[in-house]
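Novice: Take a look at the letters that make up each chain.
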Amino acid sequence: MKKINLDYTAAAPLDSRVVDKMIPYFSEHYGNPSSGHLLGEEPRRALVQAREEVARLVGGDPSGVIFTASASESNNLAIKGLAAAARKKGTHIISSAVEHFSVLNVLKTLGKEGFRVTLLPVDSDGFVSPEALREAITDETILVSIQAANPEIGTIQPLKELVAVAREKGVPFHSDAAAAAGWIPIDVEELGLDLVSLAADQFYGPKGAAALYIRKGIRLRPLIEGGIQERGLRAGTENVPLAVGMGEAAKIARETMKERTVETAALRDKLKEALFEGVPYLHLNGHPEQRLPHNLNVSVQFVEGEALLMRLNMAGILVSSGSSCTSQALKSSHVLNAIGLPPELAQGSLLLTLGPGSKHEDIPYVVEQLKQVAELLRSMSPLYHQYLKEGNRNAPVQ
Amino acid sequence: MKKINLDYTAAAPLDSRVVDKMIPYFSEHYGNPSSGHLLGEEPRRALVQAREEVARLVGGDPSGVIFTASASESNNLAIKGLAAAARKKGTHIISSAVEHFSVLNVLKTLGKEGFRVTLLPVDSDGFVSPEALREAITDETILVSIQAANPEIGTIQPLKELVAVAREKGVPFHSDAAAAAGWIPIDVEELGLDLVSLAADQFYGPKGAAALYIRKGIRLRPLIEGGIQERGLRAGTENVPLAVGMGEAAKIARETMKERTVETAALRDKLKEALFEGVPYLHLNGHPEQRLPHNLNVSVQFVEGEALLMRLNMAGILVSSGSSCTSQALKSSHVLNAIGLPPELAQGSLLLTLGPGSKHEDIPYVVEQLKQVAELLRSMSPLYHQYLKEGNRNAPVQ
Amino acid sequence: MPQYSDKVMEHFTNPRNIGEISEADGTGEVGNPVCGDMMKFTITVKDNRIEDVKYLTFGCGAAIAVSSMVSEMAKGKTLEEALQITNKQVAEELGGLPGNKMHCSNLGADALHKAIEDYMAKEKAQS
Amino acid sequence: MPQYSDKVMEHFTNPRNIGEISEADGTGEVGNPVCGDMMKFTITVKDNRIEDVKYLTFGCGAAIAVSSMVSEMAKGKTLEEALQITNKQVAEELGGLPGNKMHCSNLGADALHKAIEDYMAKEKAQS
Ligand SMILES: Cc1ncc(COP(=O)(O)O)c(C=O)c1O
Ligand SMILES: Cc1ncc(COP(=O)(O)O)c(C=O)c1O
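Chains as they are written, first to last, in the working numbering: chain A, 1 to 398; chain B, 1 to 398; chain C, 1 to 127; chain D, 1 to 127.
It is worth saying that the hints were derived from the structure and are not from the lab. Certain hints may be false.
Negatives, chain B to chain A, calculated, CB over 10 Å [said to hold, decoys possible]:
1) S124
2) P130
3) D139
4) P185
5) R219
6) A274
7) E277
8) Y281
9) D362
10) Y384
11) L388
12) K389
With beta-carbon atoms standing in for the labels, derived distance ranges [stated by the list, open to error]:
13) N32/D to A85/B: 39 to 47 Å
14) V48/A to R17/B: 27 to 35 Å
15) K108/B to R219/A: 15 to 23 Å
All C-beta atoms, glycine included, are put in the ideal place defined by N, C-alpha and C.
In isolation and in its complexed conformation, chain A is listed as follows (with noise of 0.2 Å):
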């Protein structure tokens, strides 16, 4: 059977040069480098290493970087980090209503632990405003954490002039550039940032590589205690192969990364166009220029994301969708609902993401699928008859 992957930023395969980077650790090189003997000296070489790689893929300094287990872990450690350390100075923080749920919920926790959140409003386009920030900053806010770009609807945020706002008031800003980083330029430097997560496995590094990058002067107090590894702000014996592919993964991330998108948003561009052509009633989410370049995200009027990804799993095509039955929390995504998205187009929505597997010659297949699933869906769909009967009261947005 054919098997088209559009979803890529659920997981994608990793580049086999990382793989064989990370091979030797395992066994050959696997020492502690910690170890004050031979066995240590390898690691703890690489390891340098691949703390420059991933300190080159954002601008910064390599002794800013802290080696995590996921980008969720990177998103507690930089706000609750901040937070602990900085409760005196004040316990207001700014965010936005379309972050991860590993900043929402630490958020939502920390509202809980007497700290004051503010989650800005998006746009329908899902961006959040420079002027909104400015005016929510007070003299108590202590950090803005707002993402670079968002895995869902694939909106990249506007974060010179939000780092700008927040540089001039004297707020550390901590963005979440899971989804962004190998994809779009992250620039500590150039931007501002005083704090930036980063997962491996959004560039085809490993699961469970991931990093906070952290301005010198910042100051967080650790999420998990013991050793003074990281320089004591993550304990741990340091996971050396997965620190390892990760580097190698930020290197190819760098270096590709201009023909890379050009090329992705490309074919991104061209599946979009066949998309709408071929199938009736679908409706864009996010910004159609300002998004990451391997980012689509369509809703299917009238039909139930679930179901539309059921059957196109039975043709071969694996997305996914922000609809209710789909989360395991089984309420649709807030990232649509944020943008203002009637709930009917929210819960037909499909995140179709490219990655390497990708192919021009696999879209005239995809679309004639989904075309058919659409179709067929419709046919049984309570709202599709309606609006038949009843016309362009109800019509989709389109």
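For this one, chain A is given, so just place chains B, C and D with the ligands on it according to the hints.
Specialist: Frame of chain A, contents of chains B, C and D with the ligands only:
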């Protein structure tokens, strides 16, 4: 040059069966277990199986296994997580003086946050006394955390007796079994443990793969919040390859434990006898019998550990030491201090741990080298010269 | 979809009795797009038996399979028998449903009952 | 030991002037086993110059290399010159020491100075 690793607890090469099992999950079965389509199926199945294998190693229920990225994280999650959840019930926690820093430093932090911490002392063998535990428990006690075995001196705690005391008083019991699991039987049902920390790299699984076992009914707050992976107790995309590696390592550890530990202990005892016969003025640290089968800890009287370690390293013999110079924090081992070892013996301690490459044939070389190195360093030691002059007045603890 | 039984997958893949009966004797609707599942059942009744039953469903795999299963179970039954069909029975007939699908998607019996009650109410109004 | 310079490794591997001068003119001791480093310097003095210098050291690689380096630096120097030797200079001569070794292990110059002061005090007492 010869390379004889006698520092396997610092790091060990992965069992090749473990690597083989992991590899396909990097590139072939790279999917996300949370994906609703077919790419999620095999990773999901593999994760279920890995969880079962880890549960089997400790005789527990698979649903109680929470994968983490290090024993340090498991310890942090267990202790901080329970403290936060049980705060209303009480604020007293009991642990021991010989715990790993990922327990001790967490307790130090909790101490600053209004918890009262009792660290039980140990005797000269490193044992915690069940009687002392009984006396320490109050109505306010919400947790007892005592390791299964000590990674430095190898001493195995009388867990069954200790847990019985806590159970009698209805206090949950956490055990950091990172050093013990895979080497001595840990059965949560037989022992009555409520929380157990495990690390794959201690039984030839991958670094960065660890788990916390949680008995049904024990409530914890998550450390890393976000998605609802790991039953909401540890957010972040599941690291399938590493979980698979830990599962396979747990399976092998369980199946080979009896034979392997008998063989390893026999080899360790041979090494011990040969060393004590061949090198004068050695002192054994930890209990002679109630100790991890792969662990040997001796103090080389009159000399300092880093110098020993460096000289042995030149001879291709890789060991570690509890001396202050070899610790990242520049303090001699808190474990050796806790068993009442005089400072000069703590400084001269050598930790020798066996692993898959350990061989009988290497023993004579190790003994000969340690003999020479000890002689050389003693010849320049003011403590040794003093001893020679003053005789048995300052005799070593034999 | 490993979390779905073979029977669910079979009904999802080949749903029976799709449609809307234009001159229905009874109509029942449940759900809304916010929760993600909507079902509209239409029935015709003859001699106190469900002669025909059709449905339209907006919803996940489970919702579609449930609708299809309910339509099969109801057809030919007396109204009293059809009113005895429970959501739980439907799930059992389908070889079980994943826990998180029991509440939101398993509303087919409710929609059927509403259609029957609609029919009964109309009958009553006419008599 | 990658954190040590080649020069440190060389002195650690082949330490010069080990020992204790039995009829020393001056003796200086620093450190204790708790901190992990102890050094005992003994010197003989002739014509206001350090004629011979030996040491015993209990300590890490850095402590041994530092002792050896100090003994080399001191030999033949006038007492005044020898008193000018600083721990910092010793570390520099060794091609640098890891940051965490600068305080605990780098006490060789102190021990030497103590030995010189001991000699001076004895001289004073005799005169
Ligand atoms: C008993 C014990 N607990 C915790 C740890 C911490 O393990 P990690 O550094 O992998 O977090 C160790 C490490 O050796 C250990 O032996
Ligand atoms: C923007 C963003 N932040 C955080 C995360 C969390 O990543 P993980 O599940 O690896 O912790 C993701 C995951 O896709 C993401 O896209």
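Novice: All the hints need checking, so say for each whether the structure fits it.
Specialist: Do the hints match the structure? See the list:
Every C-beta of chain A lies more than 10 Å from that of S124/B, the closest at about 26 Å, which supports listing it as non-interface. The beta carbon of P130/B is kept farther than 10 Å from every beta carbon of chain A, the shortest such distance being approximately 27 Å. Its beta-carbon lying about 26 Å from the closest one in chain A, D139/B satisfies the requirement of being farther than 10 Å from that chain. Residue-level check passed: P185/B sits 24 Å from the nearest beta carbon of chain A, beyond 10 Å.
Interface exclusion of R219/B from chain A stands, the closest Cβ pair being 15 Å apart, more than 10 Å. Residue placement check: A274/B keeps its beta carbon more than 10 Å from all beta carbons of chain A (closest about 21 Å). Listed as outside the interface, E277/B is consistent with that label: its C-beta sits roughly 25 Å from the nearest C-beta of chain A, beyond the 10 Å cut-off. The Cβ of Y281/B sits about 23 Å from the closest Cβ of chain A, beyond the 10 Å cut-off, so the non-interface label holds.
Distance check on D362/B: its Cβ is at least 15 Å (rounded) from any Cβ of chain A, clearing the 10 Å threshold; non-interface status holds. Annotated as non-interface, Y384/B keeps its C-beta farther than 10 Å from every C-beta of chain A; the closest such distance is 23 Å. Taking the minimum C-beta to C-beta distance to chain A, about 29 Å, the non-interface status of L388/B holds against the 10 Å cut. Its beta-carbon lying about 32 Å from the closest one in chain A, K389/B satisfies the requirement of being farther than 10 Å from that chain.
Between N32/D and A85/B the beta carbon distance is about 46 Å. The supplied range of 39 to 47 Å therefore holds. V48/A and R17/B have their C-beta atoms about 31 Å apart, which keeps the hinted 27 to 35 Å range intact. Under the hint 15 to 23 Å, the C-beta atoms of K108/B and R219/A, about 18 Å apart, fit the expected range.
Taken one by one, the earlier hints all hold for this structure without exception.
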